[in-house]
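Number of protein chains: 2
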Amino acid sequence: MDWIPTLPIIDEAARRIAPHAHRTPVLGSATLNAMVDAEIFFKCENLQKVGAFKFRGACNAVFSLSDAEAANGVATHSSGNHAQALALAARLRGIPAYIVMPSNAPGIKKAAVEDYGAVIRFCEPTLQAREDTLDAVVAETGAAFVHPYNDERIIAGQATAARELIEDVPDLDIILAPVGGGGLLSGTALSAHYAGHDITVYAAEPEGADDAKRSLDAGKIIPSVNPDTIADGLLTSLGEKTFAIIREYVRDIVTVPDEETIRAMRFIWERMKIVVEPSAAVAPAAIMHGRLPVKGERIGVILSGGNVDLGRLPW
Amino acid sequence: MDWIPTLPIIDEAARRIAPHAHRTPVLGSATLNAMVDAEIFFKCENLQKVGAFKFRGACNAVFSLSDAEAANGVATHSSGNHAQALALAARLRGIPAYIVMPSNAPGIKKAAVEDYGAVIRFCEPTLQAREDTLDAVVAETGAAFVHPYNDERIIAGQATAARELIEDVPDLDIILAPVGGGGLLSGTALSAHYAGHDITVYAAEPEGADDAKRSLDAGKIIPSVNPDTIADGLLTSLGEKTFAIIREYVRDIVTVPDEETIRAMRFIWERMKIVVEPSAAVAPAAIMHGRLPVKGERIGVILSGGNVDLGRLPW
Numbered sequence: 001m002d003w004i005p006t007l008p009i010i011d012e013a014a015r016r017i018a019p020h021a022h023r024t025p026v027l028g029s030a031t032l033n034a035m036v037d038a039e040i041f042f043k044c045e046n047l048q049k050v051g052a053f054k055f056r057g058a059c060n061a062v063f064s065l066s067d068a069e070a071a072n073g074v075a076t077h078s079s080g081n082h083a084q085a086l087a088l089a090a091r092l093r094g095i096p097a098y099i100v101m102p103s104n105a106p107g108i109k110k111a112a113v114e115d116y117g118a119v120i121r122f123c124e125p126t127l128q129a130r131e132d133t134l135d136a137v138v139a140e141t142g143a144a145f146v147h148p149y150n151d152e153r154i155i156a157g158q159a160t161a162a163r164e165l166i167e168d169v170p171d172l173d174i175i176l177a178p179v180g181g182g183g184l185l186s187g188t189a190l191s192a193h194y195a196g197h198d199i200t201v202y203a204a205e206p207e208g209a210d211d212a213k214r215s216l217d218a219g220k221i222i223p224s225v226n227p228d229t230i231a232d233g234l235l236t237s238l239g240e241k242t243f244a245i246i247r248e249y250v251r252d253i254v255t256v257p258d259e260e261t262i263r264a265m266r267f268i269w270e271r272m273k274i275v276v277e278p279s280a281a282v283a284p285a286a287i288m289h290g291r292l293p294v295k296g297e298r299i300g301v302i303l304s305g306g307n308v309d310l311g312r313l314p315w
Numbered sequence: 001m002d003w004i005p006t007l008p009i010i011d012e013a014a015r016r017i018a019p020h021a022h023r024t025p026v027l028g029s030a031t032l033n034a035m036v037d038a039e040i041f042f043k044c045e046n047l048q049k050v051g052a053f054k055f056r057g058a059c060n061a062v063f064s065l066s067d068a069e070a071a072n073g074v075a076t077h078s079s080g081n082h083a084q085a086l087a088l089a090a091r092l093r094g095i096p097a098y099i100v101m102p103s104n105a106p107g108i109k110k111a112a113v114e115d116y117g118a119v120i121r122f123c124e125p126t127l128q129a130r131e132d133t134l135d136a137v138v139a140e141t142g143a144a145f146v147h148p149y150n151d152e153r154i155i156a157g158q159a160t161a162a163r164e165l166i167e168d169v170p171d172l173d174i175i176l177a178p179v180g181g182g183g184l185l186s187g188t189a190l191s192a193h194y195a196g197h198d199i200t201v202y203a204a205e206p207e208g209a210d211d212a213k214r215s216l217d218a219g220k221i222i223p224s225v226n227p228d229t230i231a232d233g234l235l236t237s238l239g240e241k242t243f244a245i246i247r248e249y250v251r252d253i254v255t256v257p258d259e260e261t262i263r264a265m266r267f268i269w270e271r272m273k274i275v276v277e278p279s280a281a282v283a284p285a286a287i288m289h290g291r292l293p294v295k296g297e298r299i300g301v302i303l304s305g306g307n308v309d310l311g312r313l314p315w
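If you're matching them up, the sequences are chains D and X in order.
Residue numbers for the first sequence follow this note's numbering, so the first one is 1 and each next one is one higher.
Residue numbers for the second sequence follow this note's numbering, so the first one is 1 and each next one is one higher.
Please note that a few of the clues may not be correct.
Since the list gives no way to pick out one identical chain from another, each pair is judged satisfied if it fits inside one copy or across any two copies.
[As the list claims (entries may be wrong)] Taking lysine to aspartate or glutamate pairs in the DMTMM-like style, the calculated list, with each CA pair at most 25 Å apart, reads:
#1 295 - 115
#2 295 - 131
#3 110 - 270
#4 213 - 124
#5 213 - 140
#6 295 - 12
#7 295 - 140
#8 220 - 12
#9 213 - 248
#10 295 - 11
#11 213 - 135
#12 213 - 232
#13 220 - 309
#14 295 - 167
Hints listed in this document are in silico derivations from the structure and should not be mistaken for laboratory results.
Every value quoted in this text rests on a predicted model; they were computed, and no experiment measured them.
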């Protein structure tokens, strides 16, 4: 698997995105540490540009294109944070971005992407329509397709979050990340693997979208069918590339019921004074509710994003 | 006025609190910068221990007591962030804290102070009852009184926030802080004065509690009578000490209507992904709504705190 990002490739991604992305802070909570008898270090990707780690991968992908490849812009299918991330990265490079989005996507998500100057192409809310529309957009515009996660440039970009965390916090025992399509988790696992000392990587996943856990247990990708969770950033299935890395480098995946995620989300807002989206609270919830063996350990947790509709909070 | 904290005194406060307080991050928003055509640097004291800058002053006061002075603990009157801050600082030093609080204080505030291990003494919600109760507590326990703001140890402690901001962000043109009793503002003004280059200090105040603005204009302290604002951390009157510094070193105070404060608060939550309380949104609101001449300038803003009841948001 010679496509797997090497340490120099991740270093290069870090240099490439450095002029554009925030080096996000690492925050902690003495209250939480006392609660779980461990030291928790939160890597705040909710404070990243566009409010999510997704900007790292999108930025790395967009800026690694040659001028010729970039000339016709970039395209993707997403109604979530990847869409905004790709739109902003494209704007920073001065190229067009085409986003395929289901016609029933929330208005707030459409507006966010349009604010970054991207062109939206709506499709019916089915997988087939999404792929057909994307193919048509690419054929018509010549744009370069950037998959939300199953792409080594994306994986290398997402890996830079854990790379910074490991630089900032020495001697981590564990790193924990949420898993949806696996871009963040596979990148995190690679950076931990390259850290130069033993770091165990775990993932957390919503109980109502536990396809990654089942895939890891089964040794093959089990698609996400009718996921049901408040963590709307973690609905998708793993990709071949992300799964190959996760199988190799992730110790285990724990699942978390939504009520624990909501409680953790509120705790983080209330005590740490930062806004995290439900998908970002799944990993902290796994720690807070004793679903991982963390006692006495130093644990890094990637807080993946903070894009929430403040008019519709789950409490 | 030889009691005014000198630069060495503020440096000493910074060293004293360093083992206990967070060096809070400085965050920005590209969107906001584009909106106001300026560069804004937010010093995130909402991410400070107890969720507010108040921990700096309380920590400096508590740790500057001699062992003999500290032996009987500390006491104050406050139902707000100073109470929690003093309670935590006392716990860290291993001494008791006595907090005088009106009997009608919100349950959430009582619980927060008790969580930090302080002893609460309730009083009738009048100024007279508060002072009488405090006197009784001090007489009975021998505790050292630590005023919430009109105290040079508090002022020197609060000054460390702007000191860090100036260290982290070179060439600031302006620093903006909110003003209630004036502890944060006077400390901020001193650190700006000692910066070694010209920094203009402004303050922002709620329209419905504009006693500091009127005091500055009148050249004498005008007490805050029946203030009416959502910014519940900015209700108090200036003290003699804070006013003396503010008169000397603060250029002007601008007032902000609550609806602009609420809009700014929501913007900060939504775009910057951090939780700020209404009192912390008054200064950003002054910038966002054109109440200060900021175009082309580099402006530091102290985000004072993030203690909000998430069950009762103003939108």
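Hint by hint, here is what the structure shows:
no.	hint	verdict
1	295 - 115	between (44 Å within a copy, 23 Å between copies)
2	295 - 131	neither (45 Å within a copy, 46 Å between copies)
3	110 - 270	between (29 Å within a copy, 16 Å between copies)
4	213 - 124	neither (29 Å within a copy, 57 Å between copies)
5	213 - 140	neither (39 Å within a copy, 61 Å between copies)
6	295 - 12	neither (35 Å within a copy, 37 Å between copies)
7	295 - 140	neither (55 Å within a copy, 43 Å between copies)
8	220 - 12	neither (31 Å within a copy, 60 Å between copies)
9	213 - 248	within (14 Å within a copy, 64 Å between copies)
10	295 - 11	neither (32 Å within a copy, 38 Å between copies)
11	213 - 135	neither (31 Å within a copy, 62 Å between copies)
12	213 - 232	within (17 Å within a copy, 47 Å between copies)
13	220 - 309	neither (35 Å within a copy, 46 Å between copies)
14	295 - 167	within (23 Å within a copy, 37 Å between copies)
In this structure, the hints that do not hold are numbers 2, 4, 5, 6, 7, 8, 10, 11, 13, in rising order.
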